[in-house]
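J.: Once you've looked at the hints, dock chains Z and B against the given chain D.
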Amino acid sequence: MRWDFATVIEHADVLAIGAVGTLRIFAICLVLGLGLGLPVGLGRYARNPWLRAPATAFVEFFRNTPVLVQIIWFFFALPILLPFQIGPLTAAVLGISLNSAAFSAEIYRGGIQSIERGQWDGARALGMSWLQAMRRVILPQAIKRMLPALANRAIEIFKMSTLASAVAYVELLQQGKLIASLYYNPIEVYTAVAAIFSVILWPLVQLSYWLERRLKGGE
Amino acid sequence: MTVLRLAGLVKRFGANPVLRGIDLTVERGERIAILGASGSGKSTLLRCINFMELPDEGRVEFGGQVVGSERDGRRRYAERELTQIRRQVGMVFQHFNLFPHMTALGNVMEGPLTVLGQDRVQAEARGRAELARVGLADKADAYPAHLSGGQKQRVAIARALAMDPALLLFDEPTSALDPALVGEVLGTIRALAEDGRTMLLVTHELGFAYHVASRVLFLADGLIHEQGTPAEVLKEPRQAATRAFIASHKQFSL
Amino acid sequence: MYRWDFAPVAAHLDLLAIGLFNTLRLTGAALAFGVALGLGLALMRLSRRPWAAWPAGLVIEVFRTTPPLVQLFWFYFAAPLVVGVEMTPYLAALVTFSIQSAAFFAEVFRAGIESIERGQWDAARALGMNRGQALRRIVLPQAVKRMIPAFMERAIELMKTTTLVATISYADLLFAANEVSQKTFRPLETYTAVALAYFTVIYGASLLARRIELRLARSGEGTVG
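Each protein sequence line maps, in turn, to chains D, Z and B.
If you count the first sequence from 1, position 55 lands on 55 in the working numbering, and the numbers rise without skipping.
Here the working numbering runs 219 ahead of the position in the second sequence, where the first position is 1.
Here the working numbering runs 473 ahead of the position in the third sequence, where the first position is 1.
Isolated chain D (complex conformation) (with noise of 0.2 Å):
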């Protein structure tokens, strides 16, 4: 066979496109994603029922079900009980961020509860409170020992992102499969998003491995 990357790169501007957008869930999905896991995440880790059993069953019902089914179910099934109509980048993001800030919750709650009692005592000994404790001490010590999950975390959300194409959001791959059908080459095409894919996931994959070295250095 013959491979004809021309087609490819005449329609650079197709995948250019595709790359915005998934960048751009990307983007939003990060921020969401990781931001809302950290309430959810001290939810799990209160003492107070009224606030750990919603988190709770929060986390886990978005851990033990596929993102693809929560995409989709936010796509065709919620429209149906709100008056307005839900779109492809609306859906994607629902199902991405709140399956992420489930798994980032639990991120979070590990690593809090990593810091040792003694950290608490003193902190409470100088007369902070619970709130200021756990700013100025406990999250700053344990960010650090998250970095590595977190970092892992953004890889998973990145390569989520591709799911939004499912319901027709414009993104890498979705345009990718326009290129495909229109001039049926699809090993190049495909082959071609997997590079970039790869070529902007590989930093970040880099970067996970070298938090992950530093902190079994570090400790």
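No lab work stands behind these hints: they were computed from the structure.
One should not assume that every hint holds.
As the list claims (entries may be wrong) - Think about it this way: if two alpha-carbon atoms lie no more than 20 Å apart in a straight line, the pair counts; the simulated SDA-like pairs of lysine to any residue are:
no., chain 1, residue 1, chain 2, residue 2
1, D, Lys144, D, Glu106
2, D, Lys177, D, Phe5
3, B, Lys656, B, Pro481
4, D, Lys159, B, Val532
5, D, Lys159, B, Val674
6, D, Lys159, B, Pro541
7, D, Lys159, B, Glu580
8, B, Lys656, D, Leu78
9, D, Lys216, D, Gln113
10, D, Lys177, B, Ala552
11, B, Lys633, B, Val674
12, B, Lys656, D, Pro79
13, B, Lys618, Z, Gly325
14, B, Lys618, B, Ala584
15, B, Lys618, Z, Tyr362
16, Z, Lys454, Z, Ile465
17, D, Lys177, B, Val555
18, D, Lys159, B, Pro481
19, B, Lys618, B, Leu516
20, B, Lys633, D, Ile155
21, B, Lys633, D, Gln113
22, D, Lys159, B, Phe536
23, B, Lys633, D, Leu94
24, D, Lys216, B, Ile589
25, D, Lys144, D, Trp210
26, D, Lys159, B, Val535
27, D, Lys216, B, Ala623
28, B, Lys633, B, Leu531
29, B, Lys633, D, Glu156
30, D, Lys159, B, Leu531
31, D, Lys216, B, Glu587
32, D, Lys159, D, Ala16
33, B, Lys633, B, Thr673
34, D, Lys159, B, Ala628
35, D, Lys144, D, Gln132
36, D, Lys216, B, Glu580
T.: Chains Z and B alone, transformed into the frame defined by chain D:
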């Protein structure tokens, strides 16, 4: 009969020479205690004898045969040949290194079963006999996690014996033990010595070396600094370094 | 106010059941191939020979740095043209998820093997075992026990990932849901029911995994992964 002969053995770790030319001949039935400060190369010497570490220079003769072949001015070792040597050399480690997923009997049977290819019945008979020899017949079905340190080390000795080794290497076999448990392991080793086994023993137990060894080597800076009968080396050391070493082992009383 | 009605969905329970069966079948098969292939990749990567270590490392990195859905599309749409064989959705999914799991398991195996103390290798070699014997008899049996939690976690992840095959029309549970929803015009009920079905199966598996992990932890063995 000569069991082992080392000639000009050199071992370096990176640029750092650990053994700087060891010559040693071991006759059958000899019991050689190797003394020396930590870092003097004692353990490395043992590990070069069964090729857990490959010597950088020099020759090892085992049972009259030179190990490895000379090519391009360097000695090369084939893994297959080294495996054959290790089958004939038993080793007992400081930290026992028992296989935690096998019972005491399983540990002792493992060599005959996997390495020698014996059938299960034969290997089990052998295993039980060796456990009985070290006084642990009743612990055959116990896992290492449920044995004391002294018992673990005796199982490790039985494991080495089950291979019928021509030479036994002991690498500080009592250093990781509670003082109260040292005696039972030394007793087991002494019984093997009385059986006439050929052994090299790296140890800090000078009293034991004095009573059990037929020859004592004192290693310093990767060389055999002094050697002789236990009485010569331990009671009337000629070298200052040997004297200093013995003086620093205050618990040593003859 | 919307009136929920699950009856039309219940009428197509057989379709959904077949979908669930297909999901489980794919998960199980990919898991089995993934473990075997992963062990091979791990051994290659741990090898001292660069011609074995390097390609294994490449496969692992490529599969870690590309999204699963892109891999699936590549194997379904592109690979048949490269190799010149007919690709069914099931086969494409099986190949993709097997290699992808293998890349993951390879790292678990590697961590597990590396977590075994040097003394175990020493003792095995001192008995006269060769590398293969030491690995098979001494190192792997201990390493595998430490890897069990990572294996179970991956199995659960894999079951979730298999939903991607719906996008290439393999009749898994999600695809069946799509069909049922189009037949009944009841997407809300269908997708809700299917989401709950996934949750039940996966949550059940998670609970089981947690119990096994707890028991392993109590038996005093460390874990990796």
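J.: Indicate, hint by hint, whether the structure satisfies it.
T.: Hints, one by one, checked against the model:
The hinted pair formed by D:Lys144 and D:Glu106 meets the criterion: a straight-line CA distance of about 15 Å does not exceed 20 Å. The suggested pairing of D:Lys177 with D:Phe5 holds, with an alpha-carbon distance near 15 Å, which does not exceed 20 Å. For the suggested pair B:Lys656 and B:Pro481, the alpha carbons sit about 9 Å apart, so the restraint of at most 20 Å is met. With a C-alpha separation of about 17 Å, the suggested pair D:Lys159 and B:Val532 falls inside the 20 Å cut-off, and the hint holds.
Under the criterion of a C-alpha separation no larger than 20 Å, the hint pairing D:Lys159 with B:Val674 is inconsistent with the structure, at around 24 Å. The suggested pairing of D:Lys159 with B:Pro541 holds, with an alpha-carbon distance near 7 Å, which does not exceed 20 Å. Between D:Lys159 and B:Glu580 the CA atoms are separated by roughly 19 Å; this keeps the pair inside 20 Å, and the hint holds. Only pairs whose Cα atoms come within 20 Å are accepted, and B:Lys656 paired with D:Leu78 is accepted, the gap being roughly 18 Å.
The straight-line distance between the Cα atoms of D:Lys216 and D:Gln113 is roughly 18 Å, inside the 20 Å bound, and the hint therefore holds. Proximity of D:Lys177 to B:Ala552 is assessed by CA-CA distance (about 15 Å); at most 20 Å being required, the pair is judged to hold. Between B:Lys633 and B:Val674, the direct Cα distance comes to roughly 10 Å. Compliance with the 20 Å bound is thereby established for this hinted pair. Distance hint between B:Lys656 and D:Pro79 is fulfilled; the C-alpha atoms sit about 18 Å from each other, no more than 20 Å.
Taking the CA atoms of B:Lys618 and Z:Gly325, the gap is near 18 Å; set against the 20 Å cutoff, the hint holds. Distance restraint check for B:Lys618 and B:Ala584: the Cα-Cα separation of roughly 12 Å lies within the 20 Å cut-off, and the hinted pair is therefore satisfied. With a CA separation close to 16 Å, the supplied pair B:Lys618 and Z:Tyr362 stays within the 20 Å bound. The straight-line distance between the Cα atoms of Z:Lys454 and Z:Ile465 is roughly 9 Å, inside the 20 Å bound, and the hint therefore holds.
Between D:Lys177 and B:Val555, the direct Cα distance comes to roughly 18 Å. Compliance with the 20 Å bound is thereby established for this hinted pair. Distance hint between D:Lys159 and B:Pro481 is unfulfilled; the C-alpha atoms sit about 35 Å from each other, more than 20 Å. Distance hint between B:Lys618 and B:Leu516 is fulfilled; the C-alpha atoms sit about 18 Å from each other, no more than 20 Å. Distance hint between B:Lys633 and D:Ile155 is fulfilled; the C-alpha atoms sit about 17 Å from each other, no more than 20 Å.
For a cut-off of 20 Å, the pair hint linking B:Lys633 to D:Gln113 is broken: about 28 Å separates their Cα positions. A distance of roughly 11 Å separates the Cα atoms of D:Lys159 and B:Phe536; the hinted pair therefore holds under the 20 Å criterion. Simply put, B:Lys633 and D:Leu94 have alpha-carbon atoms about 17 Å apart, close enough for the 20 Å limit, and the pair holds. Restraint check: the Cα-Cα separation between D:Lys216 and B:Ile589 comes to about 17 Å, which is no more than 20 Å; the hinted pair holds.
About 13 Å separates the Cα atoms of D:Lys144 and D:Trp210, which keeps this hinted pair within 20 Å; it holds. Distance check on the hinted pair: D:Lys159 and B:Val535 sit about 13 Å apart at the alpha-carbon level, within 20 Å; holds. Restraint check for D:Lys216 and B:Ala623: satisfied, since their Cα atoms lie roughly 19 Å apart, inside the 20 Å limit. In summary, the hint linking B:Lys633 to B:Leu531 is not supported, as the alpha carbons are separated by about 25 Å, beyond the 20 Å threshold.
Distance restraint check for B:Lys633 and D:Glu156: the Cα-Cα separation of roughly 13 Å lies within the 20 Å cut-off, and the hinted pair is therefore satisfied. The straight-line distance between the Cα atoms of D:Lys159 and B:Leu531 is roughly 19 Å, inside the 20 Å bound, and the hint therefore holds. Distance hint between D:Lys216 and B:Glu587 is fulfilled; the C-alpha atoms sit about 15 Å from each other, no more than 20 Å. Annotation: proposed proximity of D:Lys159 to D:Ala16 holds, straight-line Cα distance about 17 Å (limit 20 Å).
Distance restraint check for B:Lys633 and B:Thr673: the Cα-Cα separation of roughly 12 Å lies within the 20 Å cut-off, and the hinted pair is therefore satisfied. A distance of roughly 18 Å separates the Cα atoms of D:Lys159 and B:Ala628; the hinted pair therefore holds under the 20 Å criterion. Distance hint between D:Lys144 and D:Gln132 is fulfilled; the C-alpha atoms sit about 18 Å from each other, no more than 20 Å. Restraint check for D:Lys216 and B:Glu580: the C-alpha separation of about 17 Å stays at or below 20 Å, so the hint holds.
In summary, the numbered hints that this structure violates are 5, 18, 21, 28.
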